[in-house]
Amino acid sequence: MTISATFSSHGKILMSPLRKSEWANQPVLCKSVELFKNGRNQYRMSTNSNKFQCRALEIENKSSTKFHLDDVIESQQFDRETLSAIFEVAREMEKIEKNSIGGRSEILKGYLMATLFYEPSTRTRLSFESAMKRLGGEVLTTENAREFSSAAKGETLEDTIRTVEGYSDIIVMRHFESGAARRAASTASIPIINAGDGPGQHPTQALLDVYTIEREIGKLDGINVALVGDLAYGRTVRSLAHLLAMYEDVKIYFVSPDVVKMKDDIKDYLTSMGVQWEENADLIEVASKCDVVYQTRIQRERFGERVDLYEEARGKYIVDMSVVNAMQKHAVVMHPLPRLDEITVDVDGDSRAAYFRQAKNGLYIRMALLKLLLLGW
Amino acid sequence: MTISATFSSHGKILMSPLRKSEWANQPVLCKSVELFKNGRNQYRMSTNSNKFQCRALEIENKSSTKFHLDDVIESQQFDRETLSAIFEVAREMEKIEKNSIGGRSEILKGYLMATLFYEPSTRTRLSFESAMKRLGGEVLTTENAREFSSAAKGETLEDTIRTVEGYSDIIVMRHFESGAARRAASTASIPIINAGDGPGQHPTQALLDVYTIEREIGKLDGINVALVGDLAYGRTVRSLAHLLAMYEDVKIYFVSPDVVKMKDDIKDYLTSMGVQWEENADLIEVASKCDVVYQTRIQRERFGERVDLYEEARGKYIVDMSVVNAMQKHAVVMHPLPRLDEITVDVDGDSRAAYFRQAKNGLYIRMALLKLLLLGW
Amino acid sequence: MTISATFSSHGKILMSPLRKSEWANQPVLCKSVELFKNGRNQYRMSTNSNKFQCRALEIENKSSTKFHLDDVIESQQFDRETLSAIFEVAREMEKIEKNSIGGRSEILKGYLMATLFYEPSTRTRLSFESAMKRLGGEVLTTENAREFSSAAKGETLEDTIRTVEGYSDIIVMRHFESGAARRAASTASIPIINAGDGPGQHPTQALLDVYTIEREIGKLDGINVALVGDLAYGRTVRSLAHLLAMYEDVKIYFVSPDVVKMKDDIKDYLTSMGVQWEENADLIEVASKCDVVYQTRIQRERFGERVDLYEEARGKYIVDMSVVNAMQKHAVVMHPLPRLDEITVDVDGDSRAAYFRQAKNGLYIRMALLKLLLLGW
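Protein chains in written order, with full-length UniProt numbering: chain A, 1 to 377; chain B, 1 to 377; chain C, 1 to 377.
If you are wondering where the hints come from, they were derived from the structure by calculation, not from laboratory data.
Careful: at least some of the hints might be erroneous.
Only part of the chain A face toward chain B is listed, based on derived beta-carbon distances under 10 Å [unchecked claim]: (1) Phe176; (2) Ile318; (3) Asp320; (4) Ser322.
Derived DMTMM-like pairs (lysine to aspartate or glutamate); straight-line CA-CA distance at most 20 Å [what the hints assert, rightly or not]: (5) Lys251(A) <-> Asp265(A); (6) Lys153(C) <-> Glu305(A); (7) Lys261(A) <-> Asp308(A); (8) Lys153(B) <-> Glu279(C).
Here are the simulated distance ranges between beta carbons [said to hold, decoys possible]: (9) Tyr233(C) <-> Lys109(B): 38 to 48 Å; (10) Gly349(A) <-> Thr82(C): 53 to 63 Å; (11) Ile107(B) <-> Glu301(C): 44 to 54 Å; (12) Ser288(C) <-> Pro199(B): 47 to 57 Å; (13) Asp79(A) <-> Glu177(C): 47 to 57 Å; (14) Leu340(B) <-> Lys289(A): 52 to 62 Å; (15) Ser186(C) <-> Lys95(A): 23 to 33 Å; (16) Arg91(B) <-> Arg146(A): 33 to 43 Å; (17) Glu311(A) <-> Pro199(C): 33 to 43 Å; (18) Thr82(C) <-> Phe176(B): 21 to 31 Å.
Please read these numbers as outputs of a predicted model, since none were measured by experiment.
The beta carbon of each residue, even a glycine, is placed where N, CA and C say it ideally should be.
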């Protein structure tokens, strides 16, 4: 279906509850037609009846888009160029946040974001909600969205999405099931951002990690990165390794207790991409060679009954001042937070402690993504 | 008490925490008086002291009001003319939502809505909060308001309302007890909207149902409506039957398992109002005759231990494509959502599936009610 | 460290995540420097790198500040002059709330308040959020912030604060541990307001109590105040007694069941400050002498298994119409709310019942504090 229409890219914008699947399957005859652009560089027609609606993907004078960004579902969806373009926007966002009164712009005024959290994650939720509000947008919050789909009521995720998309312009979703964000995105006609789906993906965390490295070190090619701690279950370090493989001359050191070693799939992937990696048990030696020491929390819940194994693992690699003192002046310590004692508190005072700046960068990355998904490049 | 005052209906608007009961009972002498109009077409005087305050119901140059709308408590409070007027406003709201950037107006800028939910209902809460924000208003959210009145603390609903009305301009309330909304309204000096009080009323759902029928079918007189599923306990279908009785030449078909048949009070009411109704076990036959097939979920919790009865009841009347194919081209399937499997997923693709449009209409109805209660007609 | 800079007090304002402790400890050399004023009359420098940041306490053309107000942590931090100045601002806030459309100003437009509640307190949270929104500001809500610091995850309060201060301009915090607010304030670079920390402090309640007395009685010197009910555990009456000791010729009557008598520390403090006090078992006699009868709820949870003692205590001193009739015409009954039956409902109709006005005054006090902490005097 190709539709020709004269269209101003600054015309009226409409977020419709129309399902993606519909427009392709049904030919529609419309007499009185209005044409709207939605926030994803797609278009939508509306007739006077609210029964017949359709969307058009191809419009004659489409606004120029550098990159295609409909949803944010997984870190693998981004290539080097897209990341670089997103980071440029994030840096603009940083300027807005630092230079405006109350750190606020009005570019998303009138837009409504729904945070649909099937499991609570206050930290991530606040970061997204702050990002939306710093850009002048509004927020609908659900921190216990499980009731929507509870066994008792039994509503499908798809039905929930179709309802919530009628109330908002973009959905930020956290779910306990891997793949849930992808299912939501294939149902929704508005943009979906995955704020973590179970053991699966947490792409905005991965993006803010890479952004932080670029901000702190000044480059992404030719860097040495130590991934420390829980490498087996930590979704963060797995995603980071994946993304770093896109850059040139990267070397990755894995430093972890035996019970939570990096799995073979990532090692094989890195090898296939020509990324050098090694496992190394000497944190101090590794720290002295690296631009980034990325520490992670050993997650107790992974060990079940084996408290002894947990206690042994968590105490093994602590980033304290002896590690930091071994690091180069320009190098940084990162951590996805929250931390327990895997980084000692005295490290906080050292300028190489980048983890709170890293958390703040999450705000800029999320501001950038909200801007890009709702307004385009 | 009659007060004369020159007054501009576009003057300053004040939502006061003053109790309705007070102004009538106490004669008040005020030296320095300011006069304000509140959002309910009533007026309020304030002296310099904050101890003596009163409200006046009669003011000389009262603004013209077509209909009296102080609170939204139960579906029976609406007559045909008021419904029609509300629907007209809802259609304006639909235009605002579809045509503005981010679907937003600013007519309620500066107004504050409190959602006081004594039991969680994310779907209803989001719909109201979206409605308020689409009109430029702000929201205070309480999804676990039970703590306000918990047995431990023992505060009365009346005291809670007197406190919350000091923080907001309108209260949207959901409660577990039938009649709670009426009690709140008789205490509050600001408008109350009932978002469901236990087995009692859920008037905004009833309004959006009737609005959807008018939008989809084009009329309310002379229609045939099938009410399907749980007719015994479903508050939705009971309210809908009530409202449909106001229209001419309506015929209602009840299609339900024996254990959840429509109760006699509604049948008697329909008969007394001259509405034709019949019970019919053949869903396909009924569907072929009706303009609207209103399906509902069989609620497991009504069956207690009798899982066998529940399983028998829920599987009996499923709306699938065989039912839809029997329907006329202009007819529609409605459902208050959430659904389980009482409508099969393949029906979603048919243009007669109106239930997601129905959910969206809830937004327009709530926008209209918020506008009317806060700004008047 | 003294920094000279030309600086406009109406220049750009920045709330930085920088820790208070850092700027003092590390000398910093900055080449390219931007200078910002934050909301606490302190200043902050930023270089192009986001690694080196510092704050300056002394700037040449500092804007004039009448009083020093960085955080609101405990009632003892306020002297008579500061209270008086805050009350003046609160009265301005009252005018804004009563006279604007929807009771709203825009002076805090662009500012973001985070409500970080480690235990739920809907009443207090709503009051703060309403205050922020009435001034045009925005809110990030967390009502179950315990997850931030749960035993399972084990994050420290300090780390949480460092993260949340990156997302907001001011933090309103409620915590279950005495002293938590002070710890937060010593970590944060943005203002902290204590909304109650366990058995410790609840300073905004204390301020609104004193403000209410001044508004209702017209003065604070020379007044007689009865503190009634749970004087042993009630944090409210203890703070109030503390603050009243700053005024001249105040006399305090303690009226309470024996099991919850006022403790010696407060009695000794009052004596040391030259405040007259007496214990008196005759509520009617006391009521006839006092300007303020401050009733409190006997808290069941303080009595553990001893339900008999609780029942005896709670029934002992009830404020009913016989008490109110004994009071002078200008006197008032106050209560921090929620109430059970320690004030009978018929008292509500008497103009001397000031407790709902008192709750409303909480809004004005919180508006004033938000304004002062974010914009200065």
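Here's how the hints hold up against the structure:
no., hint, in the structure
1, Phe176, "violated, 16 Å"
2, Ile318, "violated, 40 Å"
3, Asp320, "violated, 42 Å"
4, Ser322, "violated, 47 Å"
5, Lys251(A) <-> Asp265(A), "holds, 17 Å"
6, Lys153(C) <-> Glu305(A), "holds, 17 Å"
7, Lys261(A) <-> Asp308(A), "holds, 17 Å"
8, Lys153(B) <-> Glu279(C), "violated, 27 Å"
9, Tyr233(C) <-> Lys109(B): 38 to 48 Å, "holds, 44 Å"
10, Gly349(A) <-> Thr82(C): 53 to 63 Å, "violated, 33 Å"
11, Ile107(B) <-> Glu301(C): 44 to 54 Å, "holds, 46 Å"
12, Ser288(C) <-> Pro199(B): 47 to 57 Å, "holds, 50 Å"
13, Asp79(A) <-> Glu177(C): 47 to 57 Å, "holds, 48 Å"
14, Leu340(B) <-> Lys289(A): 52 to 62 Å, "holds, 58 Å"
15, Ser186(C) <-> Lys95(A): 23 to 33 Å, "holds, 30 Å"
16, Arg91(B) <-> Arg146(A): 33 to 43 Å, "holds, 35 Å"
17, Glu311(A) <-> Pro199(C): 33 to 43 Å, "holds, 34 Å"
18, Thr82(C) <-> Phe176(B): 21 to 31 Å, "violated, 45 Å"
This entry does not satisfy hints 1, 2, 3, 4, 8, 10, 18, going by the numbered hints stated previously.
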